[in-house]
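Keeping the supplied structure of chain A fixed, place chain B upon it in accordance with the hints.
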Amino acid sequence: GDQVEQSPSALSLHEGTGSALRCNFTTTMRAVQWFQQNSRGSLINLFYLASGTKENGRLKSTFNSKESYSTLHIRDAQLEDSGTYFCAAEANSGGSNAKLTFGKGTKLSVKS
Amino acid sequence: GPKVLQIPSHQIIDMGQMVTLNCDPVSNHLYFYWYKQILGQQMEFLVNFYNGKVMEKSKLFKDQFSVERPDGSYFTLKIQPTALEDSAVYFCASSYYAEQFFGPGTRLTVL
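Protein chains in written order, with the working numbering: chain A, 504 to 615; chain B, 577 to 687.
Do not take every clue at face value.
The list that follows gives simulated cross-link-like pairs (lysine to aspartate or glutamate, DMTMM-like), each with its CA atoms no further than 25 Å apart [to be verified]: (1) B:K635 x A:E508; (2) B:K579 x A:E558; (3) A:K607 x A:E583.
No wet-lab data here; the hints were simulated from the structure.
Chain A on its own, in the form it takes in the complex (with noise of 0.2 Å):
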């Protein structure tokens, strides 16, 4: 099976309304990395942890390698953050350029 599930798949918000994604790793994971792919397909990084907490504006990610899950929280949502948002962790048995394993990523609308 997939070894990072993310959920939801899809989301709806209105503007100034907040939510949270997630994804669960079925293998240990030693760091994760969160994008946001617009509208004309580029990937934005959002955030890179190893551990713990980070936020940036009205972002926020955890990551729980014990646990296995990381979390990106969304507060004030403003239309441009309409997207696709996608988790991607490394595997710890890899290397030191260790391949990104994808979600199936979470498609974000915030309305007016």
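Just chain B now, with coordinates in the frame of chain A:
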């Protein structure tokens, strides 16, 4: 943030032809990667490359695929010959150590 460039942005070719996708990674990065995404779906790892060598490749990295980075120039993905199922968006990524930065992708259409 760091920018990875990819050339061309779109490529349309006939099945059986050869294609080379070019990536200009971040200048001081040491590790290079190719990923494949079909129709905005899940991104899948193809190959990674370090110090002139392929370090790891997936089952998607068929015998018709090859990568190289001659003398610090573009990091290239060559497909020879192409097949219909090679139609996808190919993303290049690079990293200095761990965090990977992605290019905008090359949309390849094989007819």
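Problem set entry | Index of numbered hints that the structure contradicts, given in increasing order | Every hint satisfied by this model.
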